[in-house]
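Start from the sequences and build out the full structure, keeping to the hints where you can.
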Amino acid sequence: MVKFALPAGSNPVKGKLHKNETGATNIRNFHIYRYDPDTGGSPQIDTFEVDLDICGPMVLDALIMIKDKMDSTLTFRRSCREGVCGSCSFNVDGTNTLACTKPIAEIKGDVKIYPLPHLPVIKDLVCDLSHPYAQYSAIEPWLKADTPPPERERLQSEEDRAKLDGLWECILCFCCQTSCMSYWWSGDRFYGSAVLLQADRWVQDSRDEAKGERLTELNDSYKLFRCHTIMNCTASCPKGLNPAKAIGHLKNQVARRE
Amino acid sequence: MSSAKRPLSPHLLIYKHQATSSFSILHRICGVAMTFGTILFAYWFTSAAYGPEAFETAQSIMGSWFGLLVLFGFTFSFFFHLATGIRYICWDMVLGFDMEVATRNAAVITLFALSMTALTWYVGCSRMGDL
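Chains A and B are the protein sequences, given in the same order.
Taking the working numbering, I'd label the letters of the first sequence as residues 2 to 259.
Taking the working numbering, I'd label the letters of the second sequence as residues 3 to 133.
Because the hints were derived from the structure by calculation, they are not lab data.
Do not take every clue at face value.
[Said to hold, decoys possible] Now the stretches of chain B that chain A is said to cover, found in silico as 3 or more residues with beta-carbon under 8 Å:
1. 7-14
2. 20-28
3. 86-95
4. 100-110
Idealized CB from N, CA, C, for every residue including glycine.
Here is the structure:
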C-alpha cells in the first residue's frame, strides 16, 4: 500500500557529531544512518568528519576508516571491496549503489549514507533481506530439465549463450529491487526487479525446459505486472545491467503466449 | 526480534529524483487530470444542449482566466499522455529500454507535448475570429 510517510519510530533524528581533532585539512562530512536495536529509540543521523587524505578513494574506504579510527560500533556489510559480492549496497547520495565502486569524488558536498530503502533495519546500515531472498527462491532459480542428462554437460550454441549476457552478471545486491516505488508500496506481492531479472535469466536459457511453467507462475497482476517501467532499477544498477528490459521481455513473452 | 519492531529504512524522502521516474508519475497525473477534464468537457457540451442560458454560464466559466488555464493544462496533458502512452507501447514490444534512449525519448516527449500544445492554441486563437 502507498504510504509516503515512515511509520512511527522510524523517522531518523539528528545524532552525534564525531569531530576530527587530528588537525586534518581535507575534511568531508559523512552523514550516516544509525540504529542500535539494543538501546532502541529512533534511528539517528550521525555526522563523521572524515579526513580524505588518509582515506581510500571509495565510499566503502571511508566507512572502513570510520569503523577503524572513529567509531568501532558502526555496522555494515562488506566483503570483496571490488563489486562482485554485492554486500555493501546502500543508499549513497540519494541513489542505491555499491559503496565499494562509488568514488567519493563523484559526490558533491556532504556524503549521505542510508540503508537500502523501505526495508526493516537490523542495525545501522544492515537491512533484513529475508523477504527478497524468499522471493528469489520462489522463482526456483536453477536449471530444470526433464530430458535425461547427456553424458557430458548440456550444450548450448554461442548465440543462445549470448542471450544470457546482461543477466548472469547480477550479483543480487538488491540496489535495483529497493530503488523501485512499486516495490516499496507492493513489495509483499510484487517480485521486484532483481528477482524478475533472475527469472528472465532462466526463461532465456536454452537448456531450461520449464519455460512454460515459469511464465505461468509469473503471469500475475502483482508478481510481474506491478512493474510500471519506472526504470529506477536500471538507473541504479551498479553493474550496468538493465532489469527494466528483462522485465519488459518477460511481459512480452507472457503476452505472446496468451 | 521480529521485523515489525524494527524501524523501516527511509525511502521516498531520501531517494533522488530520476528523469524516468518523474515521467512515470507525470504520466499518471496527466491521466487522472484528463479524467476530470473529460467530465468538464461533458458539462460544456451538454450545457449547449440544455439551453442558451446554461450555455452562457458554461461559456463564461470556460472563458475565464481559470477556465482557460484548465483547458491549457488539459491540452498539455493530452499530448503528454499520448506521447508517453506510445512509449509504453514500445516498451511492451521490448523497445527503447536502454537508459540513454529512455532519457533521450523523455526529452523528445517533452518537446512534442510543449510544441503541440503551443501549436493547438496558436491555431485555435488565430481561428477565433472566423467563428
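Hint by hint, here is what the structure shows:
no.	hint	in the structure
1	7-14	holds (count 7)
2	20-28	holds (count 4)
3	86-95	holds (count 4)
4	100-110	holds (count 3)
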